[in-house]
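For the protein sequence lines, the chains are A and B, in the order given.
One point on numbering: in numbering that gives the first Met the number 0, the residue at position 190 of the first sequence is 189, and numbering is uninterrupted.
One point on numbering: in numbering that gives the first Met the number 0, the residue at position 61 of the second sequence is 60, and numbering is uninterrupted.
Treat the hints with care, as some may be off.
[As the list claims (entries may be wrong)] In silico lysine-lysine, DSS-like type, Cα no more than 27 Å apart, as pairs:
1. A:K86 / A:K129
2. B:K257 / A:K146
3. A:K86 / A:K146
4. B:K17 / B:K156
5. A:K146 / A:K129
6. B:K257 / A:K86
7. B:K257 / A:K129
If you are wondering where the hints come from, they were derived from the structure by calculation, not from laboratory data.
Chain by chain, the residues:
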Amino acid sequence: MDPQTVDRHGLDRLITHLAESGFEVIGPTVRDGAVIYDHISSTSDLPVGQGDAQEGGQYRLVNRGDSALFGYNLGPTSWKQYLFPPKTELLHIRRSNGDLVIEEPPTRTRPMAFFGIRGCELAAISIQDKVFLDSGYVDRTYASGRKDLLLVAVNCTTSAATCFCTSMGTGPKCESGYDIVITELVDDGETRYLVAADTERGESIITAVGGSPAKDEQLANAESAVQSTAADMIRSMDTDGIYDLLIENPDHPRWEQVAERCLTCGNCTQACPTCFCSDVADRVTLDGTAIRERRWDSCFGLDFSALNREPVRESTSSRYRQWMTHKLATWHDQFGSSGCVGCGRCITWCPVGIDITEEIVAMKETVST
Amino acid sequence: MTTVSAPVVEPMGLHSLKVVSNASESPDTSTIVLDSPGITFHAGQFMMLYAFGVGEAPISVSGNPHSPGTLVHTIRRVGPVTDALCGLRPGDSLGVRGPYGDSWPAGEQGDDLLIVAGGLGMAPLRPAVFEAMANRSRYRNVSLIYGARTPADLLFKDDLVGWMSTSSIDVAVTVDRATSDWWGHVGLVTNEFSRVDFRPESTTALVCGPEVMMRVVARSLRDLGVPASSTWLSLERNMKCAIGFCGHCQFGSDFLCKDGPVLSYDRLAWRLGVDEL
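Same shape as in the complex, but just chain A:
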């Protein structure tokens, strides 16, 4: 199927079609001064005309002065919260006649559609797929969210100052892993949306929504918009030799230097779309049922490494080192890729603006001299 173009009404038809086909449609929307992901029912729920200004430790929405639907980048939340929720009830356990009766609570049956997912976020899902589906055991909750998940992606036509997806090979163009991809073509006149399918499901949805075949000029404009986004990207991470750099330098003085700034708050691990660590705790209800509940955890917490009540990683430097070395080096050994997709959330949402790309630069400079 050749790419089609639709106007904003076409995207509204697309959202309605998904909802009527049984999908729970989730997309970007504005709440508390930030773009987050939640249920949407039309394009008017999207951050219309909004852009964002981001830097280390800084985020604010800015009015673009147009009616663009995708003129912003990433907010603090990621799609992770829908596939690997912050809290999940794993088991319900009660006592009966001296035995433990163990029940598995039901998982999601209604499929989700992620509307407006970006290239780096598609990459993040394929990374978490390896963790939760392809590493020996299958996570029941994650699998129930991934089953029949429909992905309506958006090519980025603008980048935030904290983005570095180009250097991580995950964006700004969505190369694969989606059902439908949208490119927003903001013209002086009417804004058009180029829609293309990568799966049969995606094709049948576009056919049902209707559109007009894209003109060569529109295809060229879409391509150049994405290319200039890549070219304009300010940050980058030089991943060359990064594995050996981190593995061979556990005693590098930079770990102590970054620890002087790091608050060990764990914002980076919350915002990261690939961080997957969790803890499980019992919550006992008044009727005597113990609920085994899994909750997001962070390697920045002192309890995280506690062994017989004593933390293995007591110093801030050892905890930052664990996070960054895992993300950029040992992740390769465990899952065959980097754990970083270059989304930049850990930079924006770090309260003191620690920049993972800057840390790598600093370490490389001092090791090479």
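Given the structure of chain A, go ahead and fit chain B onto it with the hints provided.
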């Protein structure tokens, strides 16, 4: 991307088992026996044990791999979960899942087998002793060196007496601090190397104990000429899920719950030299 088709059973699901007996091993350690039809394990593996309403803890299986039908766990009280587990009485129920992790290697035919345990490290090594005794003809010499803080902390005393009375295995026991009733050796387990018979170049060493003890033992064995690839350590981190999801037990690239807990010293040496890894 990956496609998901089949329905999935909760990988952290539990089975309810009943306690057959609970006996005190030492002032802070108990051995509980569970009625566990159908569950088999290999020496060195662990189970996740769940105390109702309190939580789970990873606990090594300390029983005989060749005695099916029951699971034996030796548990030290170090927190709320292990307190609750040690407090279980015959007839009580608990939740279990597993076994998890890899197991002690058998070593080469004709090797000497050297088992070095410190404190509670004897618990995951006890099945290895049973395994070695069941396959005694596989080895030239089999030895056990076991160190504890005080004589009262020695676990499995009946087994020790039994093993000392057979010529199939050399047993050397030592304590850090003697009491007036102690007539045995005092000092580090490494002092006992000269009291047992092994040929370093043809030895498989199985080591479990506090990490600082394992570091010293592994280094001493390497200095004596035991190849690092033939020295095996069982490491501990705070495993929460046992299936590689929770991230807590990472030690460098390894998830100790599924890549370990038993790993060879050649893979571990540099990591054991890094503080707070």
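Here's how the hints hold up against the structure:
A C-alpha spacing of about 21 Å is found between A:K86 and A:K129, which places the hinted pair at or below 27 Å, so the restraint holds. Note on B:K257 and A:K146: the hinted pairing holds, with a Cα-Cα distance of about 26 Å set against a maximum of 27 Å. A distance of roughly 19 Å separates the Cα atoms of A:K86 and A:K146; the hinted pair therefore holds under the 27 Å criterion. Straight-line distance between C-alpha atoms of B:K17 and B:K156 comes to about 25 Å, which keeps the hinted pair within the 27 Å bound.
The straight-line distance between the Cα atoms of A:K146 and A:K129 is roughly 15 Å, inside the 27 Å bound, and the hint therefore holds. At most 27 Å may separate the alpha-carbon atoms for a hinted pair to count; B:K257 and A:K86 meet this at roughly 24 Å. A distance of roughly 15 Å separates the Cα atoms of B:K257 and A:K129; the hinted pair therefore holds under the 27 Å criterion.
In summary, the structure agrees with every hint in the numbered list given earlier.
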